[in-house]
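Number of protein chains: 2
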Amino acid sequence: MNLNIALLPGDGVGPEVLAQAVKCLQAVEETFNHNFVFKEASIGAIAIDKKGASLPESTLNLCKEADAVLLGAIGHPKYDTNPNSPIRPEQGLLKLRKELGLFANIRPVIAHSALVDKSPLKKEVVSGTDFVIYRELTGGIYFGEKKLNEEGTVASDLCEYSEEEISRVAHLAFKAAKNRRGKLTLVDKANVLESSRLWRKVVAKIGESYPDVVLDYLFVDNAAMQIILKPTQFDVILTENMFGDIISDEGSVIGGSIGLLASASIGEESALFEPIHGSYPQAMGLDIANPIASILSVAMLLEHFGLIDESLAVRNAVDKSLKKEIVTPDLKHDSQYGTNQVGDFIAHNIVDIE
Amino acid sequence: MNLNIALLPGDGVGPEVLAQAVKCLQAVEETFNHNFVFKEASIGAIAIDKKGASLPESTLNLCKEADAVLLGAIGHPKYDTNPNSPIRPEQGLLKLRKELGLFANIRPVIAHSALVDKSPLKKEVVSGTDFVIYRELTGGIYFGEKKLNEEGTVASDLCEYSEEEISRVAHLAFKAAKNRRGKLTLVDKANVLESSRLWRKVVAKIGESYPDVVLDYLFVDNAAMQIILKPTQFDVILTENMFGDIISDEGSVIGGSIGLLASASIGEESALFEPIHGSYPQAMGLDIANPIASILSVAMLLEHFGLIDESLAVRNAVDKSLKKEIVTPDLKHDSQYGTNQVGDFIAHNIVDIE
Ligand SMILES: [Mg+2]
Ligand SMILES: [Mg+2]
Chain A
4 MNLNIALLPG DGVGPEVLAQ AVKCLQAVEE TFNHNFVFKE ASIGAIAIDK
54 KGASLPESTL NLCKEADAVL LGAIGHPKYD TNPNSPIRPE QGLLKLRKEL
104 GLFANIRPVI AHSALVDKSP LKKEVVSGTD FVIYRELTGG IYFGEKKLNE
154 EGTVASDLCE YSEEEISRVA HLAFKAAKNR RGKLTLVDKA NVLESSRLWR
204 KVVAKIGESY PDVVLDYLFV DNAAMQIILK PTQFDVILTE NMFGDIISDE
254 GSVIGGSIGL LASASIGEES ALFEPIHGSY PQAMGLDIAN PIASILSVAM
304 LLEHFGLIDE SLAVRNAVDK SLKKEIVTPD LKHDSQYGTN QVGDFIAHNI
354 VDIE
Chain B
4 MNLNIALLPG DGVGPEVLAQ AVKCLQAVEE TFNHNFVFKE ASIGAIAIDK
54 KGASLPESTL NLCKEADAVL LGAIGHPKYD TNPNSPIRPE QGLLKLRKEL
104 GLFANIRPVI AHSALVDKSP LKKEVVSGTD FVIYRELTGG IYFGEKKLNE
154 EGTVASDLCE YSEEEISRVA HLAFKAAKNR RGKLTLVDKA NVLESSRLWR
204 KVVAKIGESY PDVVLDYLFV DNAAMQIILK PTQFDVILTE NMFGDIISDE
254 GSVIGGSIGL LASASIGEES ALFEPIHGSY PQAMGLDIAN PIASILSVAM
304 LLEHFGLIDE SLAVRNAVDK SLKKEIVTPD LKHDSQYGTN QVGDFIAHNI
354 VDIE
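Protein chains in written order, with the numbering used here: chain A, 4 to 357; chain B, 4 to 357.
Derived from the structure by calculation, the hints contain no laboratory data. Heads up, some of the hints might be wrong.
Where chains are identical, the list cannot tell them apart; a pair therefore holds if satisfied intra-copy or between any two copies.
Stated by the list, open to error - Keeping only pairs whose Cα atoms sit at most 20 Å apart, straight-line, the calculated PhoX-like set for lysine-lysine is:
1. 98 <-> 149
2. 335 <-> 53
3. 233 <-> 121
4. 81 <-> 53
5. 125 <-> 233
6. 121 <-> 335
7. 233 <-> 186
8. 233 <-> 126
9. 204 <-> 150
10. 149 <-> 204
11. 42 <-> 26
12. 101 <-> 149
13. 54 <-> 81
14. 101 <-> 67
15. 208 <-> 42
Whole structure, please, built from the sequences with the hints as guidance.
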């Protein structure tokens with residue numbers, strides 16, 4: 004397969020972890036005879052410094068032309084002192100998502116057996132957890148009309164959803180459930196919210212075209228409990244933007260390490276893959292950042308293009324590094340391995356499939 | 004002190020657990036020389052059966068005249084088959100809260116040392132957890148304008164807050180923090196929502212009048228993580244209605260037993276106290292329901308009226324029952340003690356202060 008991949012290293016440890024992800028993509032390219040073309044561009048704080056914009060026009064164009072975008076990380080503390088500053092590194096990513104029409108965010112939550120000891124949850128609760136959250140990413144209250152009266156004493160935000168916005172992300176979630184364990188849980192607040200009732204109606208209707216998928220419903224407050232009480236009950240969770248923000252962040256900590264979590268943001272014609280961790284500027288240049296989340300974002304990229312064996316090769320190589328404890332110090336405090344060595348180990352294991 | 008207390012036993016195990024709560028109030032009355040007058044009325048499914056309304060007029064009037072309302076539980080499965088039924092038991096409680104103007108919901112989250120083994124969180128994570136959530140209860144998106152277009156394809160809900168709505172619950176939370184460990188965390192989404200920015204502005208301003216209280220801020224998605232990662236970091240959490248719904252339910256499971264959690268709903272002139280568990284109809288009449296949450300709702304009632312020693316006597320008696328394992332089978336599967344015996348033990352220990 005020919006793929007044009009835009010590389011956006013970004014800030015902090017972004018370039019270091021992205022370099023490992025690229026190594027792994029090159030290992031896949033070589034092993035499975037694909038042709039990946041990489042083009043790099045700047046985004047975030049470094050783009051502000053160099054070009055005066057967190058998302059330069061040239062970066063946006065490169066991303067639009069690419070088949071997929073692979074992002075490192077965004078953010079620098081020097082821009083954090085003033086949260087109202089009109090130019091902020093994170094805005095580059097928000098603008099990119101919007102410009103590329105990335106309406107679905109996909110977040111796997113997996114409890115790797117090598118890491119259950121690091122989870123805040125008890126081993127018997129978290130072991131075996133393997134679910135994925137499909138979050139609507141461009142609608143709902145985060146993007147609805149905002150109002151503040153003249154006196155500054157009454158403020159409001161509108162949560163609005165259309166059938167179309169719901170159905171496009173719902174189809175993605177149903178397809179995922181069909182290829183997984185066949186269960187989809189819609190998280191909403193349909194006992195109170197009109198928008199949630201529309202979600203239920205639309206999703207129930209779409210569910211009829213996926214007879215292999217069992218659809219159930221959970222109120223968001225109950226979901227926030229169930230993710231802690233029995234995370235193994237979930238296969239695919241589908242939800243609106245804000246609920247997805249809350250429960251996917253809640254879910255992100257139960258696996259034991261945020262350094263292992265990747266996410267994908269999908270649109271009609273574009274797709275962006277990234278680790279969920281931030282730019283971690285304190286670790287920049289120290290060769291200690293965990294590259295696994297970035298490498299797993301590559302696995303999601305490969306899956307997205309139907310390269311299932313390739314994706315599995317990446318995941319298996321990651322599992323091997325975890326089992327053999329070829330990991331960065333965040334996962335094993337006395338580890339001697341750095342970012343580069345972990346990346347090399349995983350890339351080599353993609354090539355040497357046993 | 005003279006107190007008129009309205010008793011609403013409600014459905015399922017409500018009457019059984021409420022009876023134990025009343026025993027404890029009578030033990031307090033006797034030990035500390037107070038004068039409590041109890042008047043009982045019906046609410047919920049039983050009120051529908053008897054009087055055709057989940058909140059009969061006579062019940063509402065009794066509650067309005069009382070100094071405080073003590074509720075058992077509400078709900079019966081025979082009304083669950085049709086969630087759109089115009090008459091539902093739970094609506095009695097929603098209407099009561101509204102009629103009494105109960106604008107603040109208070110939910111303590113405590114990890115009792117006798118129960119940490121039952122928490123889904125690891126012992127070292129949850130031990131020592133002791134915080135309280137102040138949730139705004141009558142505003143925000145649950146009560147904002149709801150719209151559905153004629154074609155039924157676009158739906159919306161409005162989240163609106165006024166300075167006044169924010170400030171009355173904020174003052175309660177600051178006062179609580181002042182009497183506790185002096186820390187208040189506002190949970191919002193001020194990086195995205197206009198209503199959250201108003202919350203921040205109003206709460207920061209009010210904070211100036213509470214110099215003993217350290218105020219910090221947490222985005223709701225981060226809060227959902229932090230409650231699992233490090234629940235001991237919190238003292239008082241203040242938040243809007245829906246965020247409070249989600250994180251207080253999340254918080255409710257980390258203590259190890261929902262059978263121990265009480266809540267208070269406070270208004271200008273009324274206050275209602277209840278266990279957070281439901282009516283548990285399968286256990287009705289079996290003398291197995293855990294009465295501790297209902298008894299702890301009595302402790303909250305006493306605290307509300309400034310009866311601090313009295314409240315402490317109740318809490319200490321509860322702690323003794325947990326330590327001596329004089330508990331219902333939900334906490335100790337081979338326990339021989341029933342609802343009544345646990346209630347008796349706790350009430351006796353209120354009288355016999357060592
Ligand atoms: Mg988030
Ligand atoms: Mg709730």
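Which numbered hints fail: 2, 15
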